[in-house]
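Participant: Here are the chains, one letter per residue:
There are 4 protein chains.
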Amino acid sequence: MGKVLMKGNEAIGEAAIMAGCLNYFAYPITPQSEVAEYLVKRMPEVGGVFLQGESEVAVGYMIYGASGCGERVFTTSSSPGISLMSEAISYIAAAQCPAVFVNIVRGGPGLGGILPSQADYFQATKGGGHGDYRLLVLAPASVQEAVEMVMMAFPLAEKYRNPVMIMGDGLIGQMMEPVEFPEHLKSEASNKDDWASNGMDTRKSDTRNLVKSLFLDPEALNQNNLTLKAKYDRMKEEEVRYEAYNVDSDYQMLIVSYGTMSRVCRTAIDQLKEEGIEIGMIRPQTLFPFPLEAIREAAVKESCKRVFSIEMSMGQMVEDVERSVLGKRPVEWFGKCGGDIPTPEEIINFIKSRV
Amino acid sequence: MGKVLMKGNEAIGEAAIMAGCLNYFAYPITPQSEVAEYLVKRMPEVGGVFLQGESEVAVGYMIYGASGCGERVFTTSSSPGISLMSEAISYIAAAQCPAVFVNIVRGGPGLGGILPSQADYFQATKGGGHGDYRLLVLAPASVQEAVEMVMMAFPLAEKYRNPVMIMGDGLIGQMMEPVEFPEHLKSEASNKDDWASNGMDTRKSDTRNLVKSLFLDPEALNQNNLTLKAKYDRMKEEEVRYEAYNVDSDYQMLIVSYGTMSRVCRTAIDQLKEEGIEIGMIRPQTLFPFPLEAIREAAVKESCKRVFSIEMSMGQMVEDVERSVLGKRPVEWFGKCGGDIPTPEEIINFIKSRV
Amino acid sequence: MGKVLMKGNEAIGEAAIMAGCLNYFAYPITPQSEVAEYLVKRMPEVGGVFLQGESEVAVGYMIYGASGCGERVFTTSSSPGISLMSEAISYIAAAQCPAVFVNIVRGGPGLGGILPSQADYFQATKGGGHGDYRLLVLAPASVQEAVEMVMMAFPLAEKYRNPVMIMGDGLIGQMMEPVEFPEHLKSEASNKDDWASNGMDTRKSDTRNLVKSLFLDPEALNQNNLTLKAKYDRMKEEEVRYEAYNVDSDYQMLIVSYGTMSRVCRTAIDQLKEEGIEIGMIRPQTLFPFPLEAIREAAVKESCKRVFSIEMSMGQMVEDVERSVLGKRPVEWFGKCGGDIPTPEEIINFIKSRV
Amino acid sequence: MGKVLMKGNEAIGEAAIMAGCLNYFAYPITPQSEVAEYLVKRMPEVGGVFLQGESEVAVGYMIYGASGCGERVFTTSSSPGISLMSEAISYIAAAQCPAVFVNIVRGGPGLGGILPSQADYFQATKGGGHGDYRLLVLAPASVQEAVEMVMMAFPLAEKYRNPVMIMGDGLIGQMMEPVEFPEHLKSEASNKDDWASNGMDTRKSDTRNLVKSLFLDPEALNQNNLTLKAKYDRMKEEEVRYEAYNVDSDYQMLIVSYGTMSRVCRTAIDQLKEEGIEIGMIRPQTLFPFPLEAIREAAVKESCKRVFSIEMSMGQMVEDVERSVLGKRPVEWFGKCGGDIPTPEEIINFIKSRV
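So the sequence lines, in the order shown, correspond to chains S, U, C and Z.
If you read the first sequence in the working numbering, its first letter stands for residue 1, the second for the next number, and so on.
If you read the second sequence in the working numbering, its first letter stands for residue 1, the second for the next number, and so on.
If you read the third sequence in the working numbering, its first letter stands for residue 1, the second for the next number, and so on.
If you read the fourth sequence in the working numbering, its first letter stands for residue 1, the second for the next number, and so on.
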């Protein structure tokens, strides 16, 4: 299968199918409804299931159910919808079930707007739900990368038996780009017979699997939390992904930016380069685990005077950038939130003002 | 009214009434159900309203409704229940309505357990819901402090037109202590006629107030977010509260700890002092805004070699402690999560192991 | 209190208050929403409670709850809303709790229309819900009669410990007429301490009352049903109400008609009398118990050749008229359903066509 | 396919599949849960869909949705569950959609019990929901007949574009009998392109079908009701089914009885015959339309002195029997309700007492 021109939301839907996920439960909300529109037709063609829940609360628990039975399953939603799934996500993480959540972020808080935003960074990376859990959070910067991250998300979720979140934004969802679905990212669902509640098929297993998040005994709960913590520590070691840009130059300043926002930053960096101003960039591809060390290392380069966290949110990732830089360079936030993406010119002006 | 011996959950209920809040909407969940049990009897006696919603999702929106009409209103819940309110909390913050949420945290994630925990630190301080918003988060360490914080919470919520969260834990809720309800913390509800949707009483106002969180125009949404950001920045300047303990000594190490956990730490510090080991402590009373500077200042004292974030969670506040200390001292997490509160001995052993 | 000009829906609300009912739970639906609009303001003035449920299903069970606690309680709704309460009504009847339901019938089935109709006759009289139960069904033909029936409904419900339904129609609800609230219809709630689950106040009762509809033992269930049957038989003996019109004449035909429809029939009868055609009418005021004998007796008068069931439904009451007349005279249905009430002329034409 | 020994509930499930119905939506409730248990496994094997709704209210509307799209669809439930579907059933009838509802009746009202009953006769035949509509109601007396009625129900529902209800009881559902699935009852779904909202496939139709129950214009609503009435009148002419037993004898009394109850009556009749007492029986197989004329005719046989309506309910069908006999013979009810089915001896004793 060669390159096809597809809308981001449709490519996300197709990528899940390519990844062997035949269960999609969702509730429509702008700007991700096209995923549902695409899959309501496509799932039956491939023998898959599309179920619209009666609410996002329900969808969250439908995901839990399918996942707990050992099925590959995913949903897509947008900001308020993800909030409604918060309790279920916490349950799924606690019960150590793999599942994939795609958040095509819109402007918030509240109803907010329907244009692109990155304002759910905290919710995605620090946990919207209660309790000690983490999501593995992937942030694509193009439709192609969204496709690849969706395809990677399922085996990653299974590797860690943990929910994985793809945090996109309305722009990724709405724009059309040529994409391909890499063969090498196709994967087999891992063997789930040792934990999934898949019907006690005695041909498959002779033990009774129990999927649950209730641990009334404090020691058992502590133990479950330690198991989770060990997984998150392992993620920090094995799953950090980022892209460095123009870091071979003697950059005066370092940008940290992700997703759609990073593409605008790249344009700004290119234009500044022509003017003789060198700017480096680290683009986190995983928001959790966060590339703390890569950023720290890049920040302390001698030529580098300042670090900027450029976000389509009012200062969220900047806290993780501060934790990365650890005071060795001044860290500043620049951004906008509401749907108007900062332009290259606005970024250039901001950077020049900080020279 | 002098001192009375009261259970924490009951004292919280009474404190809200003392603060002039006559609207309480809730859904029962261990370990906060006693607040509802207390108020279902008490509210009618004072002419107030207790409504049990059909779910926590509903309660969240009932709070939004009452608050948007200019009424003092509060709820109490515990971890999973707060997750279900996440969307509503985001709406309330977006619409700039004052309201008070009490979270008597239990062990999580998922159903978890029903014993004390602090595992909702991230959810409370970074936002469980979607979008750029913050809660003002107060963390009491005793029943008396819970009473005072509840009484302060209402005028604070009105000062900022923002939800305030009291983050307690099951121990605070269940234990009995003598309390008093300070006269000076009683307050009048502030005038809400300039923004609340209170029926267009022409004797009160001649403009039509619209309470909403939908801003389809990106510039309007950006503007709303800037207004919110300005409020949160103002909170950082005006509302940081913390308690310092044993910081006049030449402490070798600094503990950061809050709530019930900090009381155990205090016992450990006292015992270590007798052994000649000096340990300082900063106890954040506000978790947002976080006492970044107080901690940084205390951490860099020459005698101080290390900083510990001691939590009943698996490493959450430690991220804010790292942002405080900024690499000037090693920061380490110590904690437990599941219901068994670390004992003074466990803390002493840990500290000695780090000398 | 003398006569006041009131809209039917408002008069119904006030009548309930006059009857000493201070609990009103409802969900808005045209054409009864004015009852809710009236009572949302009026209930607080008299110290009563108005609660809007989250759905009619919920309202039904809120009624059950309050009633089971021994409170006078009522609701108003319209056709689809009553369908949603069907299960709860069956529970309330099974548990022998008094409660008053007002159905301002609109055209059905399905969403139908919002204009007057009598199409819920079967649902009201044969039981919309499952199982062997009956409602005592009152059908007013004027706003004044609606007021009186609402005031009577509460003591009747308590006399039989059974739900009472007032079956009105959109016209009764919407039209304005001068009404008075008869002093003699005011009533005290009967003593419920011997059956209501009202908190085991030991000053009131020393036995534990259990309100329930579950009887797993078949003999206990049969016994409960026999008790219910005995009550319904007693209603048939003691509660049959009807109005006879022009039955002293040597009428050639007999009309059976109720509610708003009967007023049109009366006009037609008056006009036909002027033309020398005598028509009698029996107007059931109770639809259950149905005035079987009064109709039979009136039908067999020698001058009477035919009996008509004239309804704003497609032939429902006609079945009960057939059961009354028992083949001694031909029984025919005439009616219309959809909102257009048959006019006097249409009735006159129909009658003339049957001479 | 020859005879197979099957439990009634399972046979009902298999019969629907044999009838070509591949959509089954349901919510579990005793005593019909085995249908769901059977179909949750069986539907996937035949490429069908089993969906458990979140409540019976939801199931009712899922049925409406599938039916409105032109799919063969059915559900099974028991008494309280059917009450919760009342509103949806009214909508489906109003919108003239075919669908099959199976009610495995349990004792009521309210929660009642879980043993066999016929107490939903009124609900099924007079309409549980609001408005002028009727269900075609079939009442099987054996597992084999249940199979056949389920298989007939789908083409009947399509012939009339109206919901069909199978009214069974717990005994039919629970007992095992050898059954076969007659080839001649297999049917093709009728062409629904002229009315179903099936996606405007221009290969299938070039008009836009609208499935709805809202008719705000009173004349349109009246017209819809007249269309419905015409269908119900046609049912009365074409669909009346009943079985006569021992009517060639000079029976002294006539029993009217249906379903499981009629089998006990048959045993009683056989035993009485041995004693020289002749009793006839008419067993309605359709409860709506009701075999009024067959009963009337059988009742007026010269030898016949009395007519009995023998029911597992407290006197429901007896009203229709009265409408049949029209006073030409005394009509009496005999029955029991709660789960204990009257024994042959009890029936014999009752009959002897009435000689």
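Calculated directly from the structure, the hints in this document are not laboratory data.
Just to be clear, a hint being listed does not mean it is correct.
Stated by the list, open to error - What the simulated footprint calls covered on chain C by chain Z, stretch by stretch (three residues with Cβ under 8 Å from a Cβ of chain Z suffice, anywhere in the stretch; the number is not a length):
#: 1; region: 10-22
#: 2; region: 276-286
Said to hold, decoys possible - No farther apart than 20 Å at their CA atoms in a straight line, the calculated lysine-lysine pairs in the PhoX-like style are these:
#: 3; chain 1: U; residue 1: K231; chain 2: S; residue 2: K328
#: 4; chain 1: Z; residue 1: K159; chain 2: Z; residue 2: K229
#: 5; chain 1: Z; residue 1: K328; chain 2: C; residue 2: K301
#: 6; chain 1: S; residue 1: K328; chain 2: U; residue 2: K301
#: 7; chain 1: S; residue 1: K301; chain 2: U; residue 2: K328
#: 8; chain 1: C; residue 1: K7; chain 2: C; residue 2: K41
#: 9; chain 1: Z; residue 1: K229; chain 2: Z; residue 2: K273
#: 10; chain 1: U; residue 1: K273; chain 2: U; residue 2: K159
#: 11; chain 1: S; residue 1: K328; chain 2: S; residue 2: K305
#: 12; chain 1: Z; residue 1: K231; chain 2: Z; residue 2: K301
#: 13; chain 1: S; residue 1: K273; chain 2: S; residue 2: K231
#: 14; chain 1: U; residue 1: K305; chain 2: U; residue 2: K273
#: 15; chain 1: S; residue 1: K186; chain 2: S; residue 2: K212
#: 16; chain 1: S; residue 1: K3; chain 2: S; residue 2: K186
#: 17; chain 1: C; residue 1: K328; chain 2: Z; residue 2: K328
#: 18; chain 1: S; residue 1: K212; chain 2: S; residue 2: K231
#: 19; chain 1: Z; residue 1: K301; chain 2: C; residue 2: K328
#: 20; chain 1: Z; residue 1: K212; chain 2: Z; residue 2: K186
No experiment lies behind these values; they were computed from the predicted model shown.
Each residue gets a CB set at the ideal place from its N, CA and C atoms; glycine is no exception.
Participant: Would you mind marking each hint as holding or not holding in the structure?
Facilitator: Okay, the hints, checked on the actual structure:
Given as covered by chain Z, the region 10-22 of chain C fails the check, having 0 residues with a CB less than 8 Å from a CB of that chain where 3 are the minimum. Check result for the region 276-286 of chain C against chain Z: violated, 0 residues qualifying (beta carbon to beta carbon below 8 Å, three or more required). The straight-line distance between the Cα atoms of K231(U) and K328(S) is roughly 28 Å, outside the 20 Å bound, and the hint therefore fails. Between K159(Z) and K229(Z) the alpha-carbon distance is near 15 Å, which keeps this suggested pair within the 20 Å criterion.
As the CA atoms of K328(Z) and K301(C) are separated by approximately 19 Å, the hinted pair is consistent with the 20 Å bound. Between K328(S) and K301(U), the direct Cα distance comes to roughly 19 Å. Compliance with the 20 Å bound is thereby established for this hinted pair. This hinted pair checks out: K301(S) and K328(U) have alpha carbons roughly 19 Å apart, not beyond 20 Å. For the hint pairing K7(C) with K41(C), the CA-to-CA distance comes to about 16 Å; that is within 20 Å, so the pair holds.
Straight-line distance between C-alpha atoms of K229(Z) and K273(Z) comes to about 43 Å, which puts the hinted pair past the 20 Å bound. Restraint check for K273(U) and K159(U): not satisfied, since their Cα atoms lie roughly 41 Å apart, outside the 20 Å limit. Simply put, K328(S) and K305(S) have alpha-carbon atoms about 9 Å apart, close enough for the 20 Å limit, and the pair holds. Between the alpha carbons of K231(Z) and K301(Z) the distance comes to roughly 32 Å, so the proposed pair goes past 20 Å and is violated.
Among the hinted pairs, K273(S) with K231(S) is inconsistent with the structure: their alpha-carbon atoms are about 41 Å apart, more than 20 Å. Between K305(U) and K273(U), the direct Cα distance comes to roughly 17 Å. Compliance with the 20 Å bound is thereby established for this hinted pair. With a C-alpha separation of about 29 Å, the suggested pairing of K186(S) with K212(S) is violated against the 20 Å cut-off. Of the pairs offered as hints, the one joining K3(S) and K186(S) holds, with about 16 Å between alpha carbons and a cut-off of 20 Å not exceeded.
Our distance criterion of 20 Å between C-alpha atoms is met by K328(C) and K328(Z), whose separation comes to about 10 Å. Distance restraint check for K212(S) and K231(S): the Cα-Cα separation of roughly 18 Å lies within the 20 Å cut-off, and the hinted pair is therefore satisfied. Under the criterion of a C-alpha separation no larger than 20 Å, the hint pairing K301(Z) with K328(C) is consistent with the structure, at around 19 Å. Annotation: proposed proximity of K212(Z) to K186(Z) is violated, straight-line Cα distance about 29 Å (limit 20 Å).
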